[in-house]
Amino acid sequence: MENRSLIARLTARPELGPFVLLLAELVVFWSINPEFLSPLNISNTLSFTVELGLIALAMTLLMTSGEFDLSVGSVFGFAPVLMWTLFNAGVTSLGLAFVVALVVAALIGFANGWFVTRVRISSFLVTLGMLLVVRGTALFITDGFPQRTWSAGGHWLAEVLVGDFYVGPFRLYMSLFWFILFALLLGYVLTGTKAGNWIQAAGGNANAARARGVKVDRVKVALFMLSATLAGFAGIISSIRTSAANPNSGQGYELEVIAMVVIGGTALTGGRGTIIGTVLGVLILRVMRNGIVLIGVPGLAYNIFIGAIILGMMTLHSFLDRRHQGAN
Amino acid sequence: MARQHSADGTLVRMVGIEKSYGRVRALDGVDFTVREREIVGLLGDNGAGKSTLIKVLSGAVPATGGAIYVRGEKASIRSTTDAIGYGIETIYQDSALVTQLSIARNLFLGREPIKGPRLLNRLDHERMNRVAGELLRRVGISKNIPPTTPIGSLSGGERQAVAIARAMYFDSDLIILDEPTNNLGVAETQGVLSFVRNARDSGHSCIFIAHNIHHVFQVVDRIVVMRRGRVVADDIDPKTSSVEAVERVITGMTEAGVHA
Ligand SMILES: Nc1ncnc2c1ncn2[C@@H]1O[C@H](COP(=O)(O)OP(=O)(O)O)[C@@H](O)[C@H]1O
Ligand SMILES: [Mg+2]
Chain A
492 MENRSLIARL
502 TARPELGPFV
512 LLLAELVVFW
522 SINPEFLSPL
532 NISNTLSFTV
542 ELGLIALAMT
552 LLMTSGEFDL
562 SVGSVFGFAP
572 VLMWTLFNAG
582 VTSLGLAFVV
592 ALVVAALIGF
602 ANGWFVTRVR
612 ISSFLVTLGM
622 LLVVRGTALF
632 ITDGFPQRTW
642 SAGGHWLAEV
652 LVGDFYVGPF
662 RLYMSLFWFI
672 LFALLLGYVL
682 TGTKAGNWIQ
692 AAGGNANAAR
702 ARGVKVDRVK
712 VALFMLSATL
722 AGFAGIISSI
732 RTSAANPNSG
742 QGYELEVIAM
752 VVIGGTALTG
762 GRGTIIGTVL
772 GVLILRVMRN
782 GIVLIGVPGL
792 AYNIFIGAII
802 LGMMTLHSFL
812 DRRHQGAN
Chain B
1394 MARQHSADGT
1404 LVRMVGIEKS
1414 YGRVRALDGV
1424 DFTVREREIV
1434 GLLGDNGAGK
1444 STLIKVLSGA
1454 VPATGGAIYV
1464 RGEKASIRST
1474 TDAIGYGIET
1484 IYQDSALVTQ
1494 LSIARNLFLG
1504 REPIKGPRLL
1514 NRLDHERMNR
1524 VAGELLRRVG
1534 ISKNIPPTTP
1544 IGSLSGGERQ
1554 AVAIARAMYF
1564 DSDLIILDEP
1574 TNNLGVAETQ
1584 GVLSFVRNAR
1594 DSGHSCIFIA
1604 HNIHHVFQVV
1614 DRIVVMRRGR
1624 VVADDIDPKT
1634 SSVEAVERVI
1644 TGMTEAGVHA
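So the sequence lines, in the order shown, correspond to chains A and B.
According to my numbering, the stretch in the first sequence is residues 492 to 819, in order.
According to my numbering, the stretch in the second sequence is residues 1394 to 1653, in order.
Worth flagging that the hints you see were computed from the coordinates, not collected in a lab.
Because the structure is a prediction, the values reported are computed rather than measured.
Using N, Cα and C, we set each Cβ at its ideal position, and we do this for glycine too.
Sample of chain A residues facing chain B (criterion: CB under 8 Å; computed from the structure): (1) N688; (2) A699; (3) A700.
Distance windows between CB atoms, simulated: (4) A1580/B with V624/A: 57 to 65 Å; (5) G704/A with L1513/B: 18 to 26 Å; (6) R609/A with G1596/B: 37 to 45 Å; (7) A503/A with V1579/B: 28 to 36 Å.
So here's chain A without its partners, still in its complex pose (with noise of 0.2 Å):
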C-alpha cells in the first residue's frame, strides 16, 4: 500500500519521463561505447554543462512566471567582451570589471522587463529586439575581432569561477559547484517561498494574482533581471574557461535553453515549473551531444535528435497532462 502510492507518486511527477530518458541515454552511449562513462568523459561533460545550465535555471523561473528571454545568448557573448574590454583598456580593475559587466546585464534584463511590463509588448518581441540590439553593441565595440583575455590562471576571479580539484579520479571545476548551488537556491526559491508561489501564480492566472495584491508586473521584472545576470555570469566563466572572450559566442543558445528547459517539464505558457526538471533536460542535451560524437555519428546530426527529443518529449507531457486531467 505506501509502496504502490509511493510509485504512484512517482509517476504522476512531470520529471519521471525526463528522468528515464537520461537513464536511457547514459545506457545506450555506455553499451555502445564504454570510454563514455570514463572519469575523463564524465568531467569534460560537466564542465560544459554548467554554462549553458546556468542560464537554464534563470529561465525556469521566467518561463514559470509566463515570460521569456531570447536575449539570454547575446547577453552570454557581451558580458565577458564588455569585461575585458574594460579591463584591457586598463580602465578598471578585472574584479570592478566583473561586476560592471553583470551590472550591465541586470540593466539590460531591466529593459526587457520593463518593456513587457510597461509598454506591453510580448516577451518574445522584446527579448528578440534585445537579442539584435546586445549582439549588434557586441560586435561593434570590437570589430567583430575576439577581445584578448589574459591565460595565466591564478587571478582570484579565475581561481572562483573555473578554478578546477579533483575529487577521486575525476576533475570537476568550480562553475560546476555555481550550477549546482544555483540549482538549490532556485529551486528553492521556486517550491519553498511566498516569491515562489508569486511567480508561479503570475504565470498561471496574472490578473487572478493581481486581485489578490501579488506584484505581478515586479515578479516579471525581477526574474528578467535574474535571466540577463546569470546569462552574463555564465558567458563570464566561459570566457575565462576557453581564455576567449569572442563576441559572437552564445548565439543560438536561446534555444537551446529553452529547449533544456521544456523537456524537463516546465510549462512554455507559465505556471508550472521544475528545476529538478530543467537539471534533467540540460543533462538530457548536453550528454546527447557528447554521447554522439562518442559512438561515432557525425557532430553535426545532433539538432535531429534534439528536435525529436523536444517532440517526443512534448507529446509526453501533454499526454500526462490530459490523463491527469481526465482522472478528475
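Here the structure of chain A is known, so what remains is to put chain B with the ligands in place on it, guided by the hints.
Just chain B with the ligands now, with coordinates in the frame of chain A:
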C-alpha cells in the same frame, strides 16, 4: 469577527449608480443596499444590468455616476484590490483562482504565512495546509480532498467552494456570486447553495445572482429585481412570495411589485 457596525445594520449602500457603455445605459440610477448577515438575491432578465451593478461594486468597471457607502462611509472603489480592501469579494466561476496551484496555495495567495527568518521568505506549508483543510470542512465540502490538490483537478462547484472559503477566512464582509450555479449539476448546485448559507451563518453577507429562480428562493433572505438598468422591486420576501409572482415582476407584467 465583523468590523465596526453601522447604526442601522446596513453594510453596503449604492446610491444613484449610473453606467453607460457608449449609448447603452446599463445602469440608470440604481439604489441598492445589503444589510449585515443578509443574503440578497438579485434577479432580472438577460441584459437587465445585474452583472454591471456588481462589477461596479467589486471594482471591475467604473461607474459613470452615483456613490457607494460601506458601513456608512463613502467608499472609493477603483479596482478589485480596492474592493477586497473594503471587505467585498466577488466569486467568479473560474477566473479568480490559479488552476496550476494547490488549494492551500490559492487560499493564501498574496497573504502567504512565512516561517523562520524573514530573509528566507519560507512558506509555512504546514500552517497553510492545516488551515486549508479546516476551511474546506467549514464550507462543507463533503469529499475528503487534500489541500495540496491543484485547483485544475477540482469540479466547478468545488472551485467556488474554495473561493468562498478564501473570502470567509480573510473576513470579507460581503461575498458576491454572479451566476455561480450555471453549468453545475444538481448535487454541485446544492453544494454551492449550502456554502452560501454557511457563509451567512458565520456572519457574512452575500449577493446571489442566478438564472434559476428556484435556486434563489432556496437560499436568499430578500429579493431585488432589476429591469432595463433600474431596480423595479427591492424588498421581496421569498417566504411570503411565490415564484410566479416574482417572474411577473421580472418580465414586467406586474409593475407595482409583490408585497409581503
Ligand atoms: N462591456 C460591455 N460593453 C458594452 N455593453 C455592455 C458591456 N457589458 C454589458 N453591456 C450591456 O449592458 C447591459 C447590461 O448587461 P449586464 O449587466 O451584463 O446584464 P445581466 O447581467 O443582467 O444579464 C446590456 O445591455 C449589455 O449588453
Ligand atoms: Mg450577467
